[in-house]
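First to last, the sequence lines map onto chains A and B. Sequential numbering from 1 applies to the first sequence in the numbering used here. Sequential numbering from 1 applies to the second sequence in the numbering used here.
It should be emphasised that the hints constitute simulated quantities derived from the structure, not laboratory data. Predicted model, so just to flag it, every value in this text is computed and none were measured. Quick reminder that beta carbons are idealized off the backbone N, C-alpha and C, glycines included. One or more hints might be untrue.
What the hints assert, rightly or not - Which chain B residues face chain A? A few, computed with CB under 8 Å, are given here:
hint : residue
1    : S11
2    : I14
3    : S27
4    : G33
5    : G34
6    : L41
7    : Q54
8    : I58
9    : L69
10   : L73
11   : V76
12   : L174
13   : H177
14   : L192
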Amino acid sequence: MTTETAPSTHEKEHGMSDAGYIRIALILAAITALEVSTYYVDFGVLFLPALLIMMVVKFVMVVSYFMHLKFDNKVFSFLFYAGLFLAVGVYIAFLATFKFFLQ
Amino acid sequence: MTDVTHDHASSTGISNVKLGMWAFLGSECLLFGGLISTYMLYRGRVTGGPRPSQIFDIPFTSVSSFILLMSSLTMVLAVSAAHKEDDRKINLWLTVTALLGATFVGGQVYEFTAFYKEGLGFSTSLFGSSFYTLTGFHGVHVTVGIIMLMSLVGILKRSKVPGKKAEVVEMIGLYWHFVDIVWIIIFTLVYLIPV
Chain A
1 MTTETAPSTH EKEHGMSDAG YIRIALILAA ITALEVSTYY VDFGVLFLPA LLIMMVVKFV
61 MVVSYFMHLK FDNKVFSFLF YAGLFLAVGV YIAFLATFKF FLQ
Chain B
1 MTDVTHDHAS STGISNVKLG MWAFLGSECL LFGGLISTYM LYRGRVTGGP RPSQIFDIPF
61 TSVSSFILLM SSLTMVLAVS AAHKEDDRKI NLWLTVTALL GATFVGGQVY EFTAFYKEGL
121 GFSTSLFGSS FYTLTGFHGV HVTVGIIMLM SLVGILKRSK VPGKKAEVVE MIGLYWHFVD
181 IVWIIIFTLV YLIPV
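Based on the sequences and whatever the hints tell you, model everything.
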């Protein structure tokens, strides 16, 4: 016997159920464990790229699913990512001015 | 009891409150971007006092990071409960979120105290100044979030929510998740990448 229920208003609007949020949290926890493992295990040349990729994946997952940006109006995405990319661009230029990347 | 409801929808059909919150979070990216890049620039400038690798306790900070990450889950469950109009679960998840946040802040206070005892004061080195400024600003943001969460629990109990209940919970949720994503960046760039 199946016990399927109709999706709630929240699920219709945001495309996620509570079980979905728990799944996302478990993935985030697993990525965090992988990040911490880089402190103990030698990843060689992959160390820095792997850490940065995992950081970006976690960031995007929280913003997309927990903050609902993936399911919300695109204007909100524009407002947030405009601020984010402006910050990244300005501060990469700032760090380049101080020859940070040549150290 | 009924909520006092004010409709914030604009002519575009987008909530003004939500629009304002996302614009605020976009601007916060610039604030933390400045603090993070200043830390990156100065983290190797240690003329006196301990170096980052000598004082960072990665297992301890990893547990703190995990706690803050899980508080994002409890926060999103509170938002979900608000959309389902389940008051009991809203209060439960908001309180759990505040407790997890308080645990994180407690951990940060312990960490700062331990670092100070090991010789890293605010003005010991450029590394110390930029580290305390960055993580301190983040800690203050978490503390403000905890105050907002506990205030919301009190307001909800008195049923005096200004506006739509689900929207108010969602706005505080957005702020809380933002604090979490800032820590995701700090944890990697400050703690896990060695100088």
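How the hints compare with the structure:
1. A hinted interface residue such as B:S11 counts as satisfied when its beta carbon comes closer than 8 Å to some beta carbon of chain A; here the least separation is about 13 Å, so the hint is violated.
2. For B:I14, the interface hint holds, since its Cβ comes within 8 Å of a Cβ in chain A; the closest pair sits about 6 Å apart.
3. Satisfaction of the interface hint for B:S27 is found here, the shortest Cβ-Cβ separation to chain A being roughly 6 Å, below the 8 Å cut-off.
4. Because the beta carbon of B:G33 sits about 3 Å from the nearest beta carbon in chain A, less than 8 Å, this interface hint is met.
5. With a cut of 8 Å, the hint placing B:G34 at the interface with chain A holds, because the nearest CB-to-CB distance is about 7 Å.
6. Interface hint at B:L41: satisfied, since its Cβ lies 6 Å from the closest Cβ of chain A, which is below the 8 Å cut-off.
7. The interface hint given for B:Q54 is violated, since its Cβ lies 15 Å from the closest Cβ of chain A, which is over the 8 Å cut-off.
8. Because the beta carbon of B:I58 sits about 5 Å from the nearest beta carbon in chain A, less than 8 Å, this interface hint is met.
9. Against a cut-off of 8 Å between C-beta atoms, the interface hint on B:L69 holds, since the closest Cβ of chain A lies about 6 Å away.
10. About 4 Å separates the beta-carbon of B:L73 from the nearest beta-carbon of chain A, less than 8 Å, and the hint is met.
11. A cut of 8 Å between beta carbons decides the hint on B:V76: the least distance to chain A is about 5 Å, and the hint holds.
12. With 8 Å as the threshold, the beta carbon of B:L174 comes within range of chain A, its nearest partner Cβ sitting at about 6 Å, so the hint holds.
13. Annotation: B:H177 was flagged as interfacial toward chain A, and the flag holds, the nearest CB pair being 5 Å apart, inside 8 Å.
14. A hinted interface residue such as B:L192 counts as satisfied when its beta carbon comes closer than 8 Å to some beta carbon of chain A; here the least separation is about 6 Å, so the hint holds.
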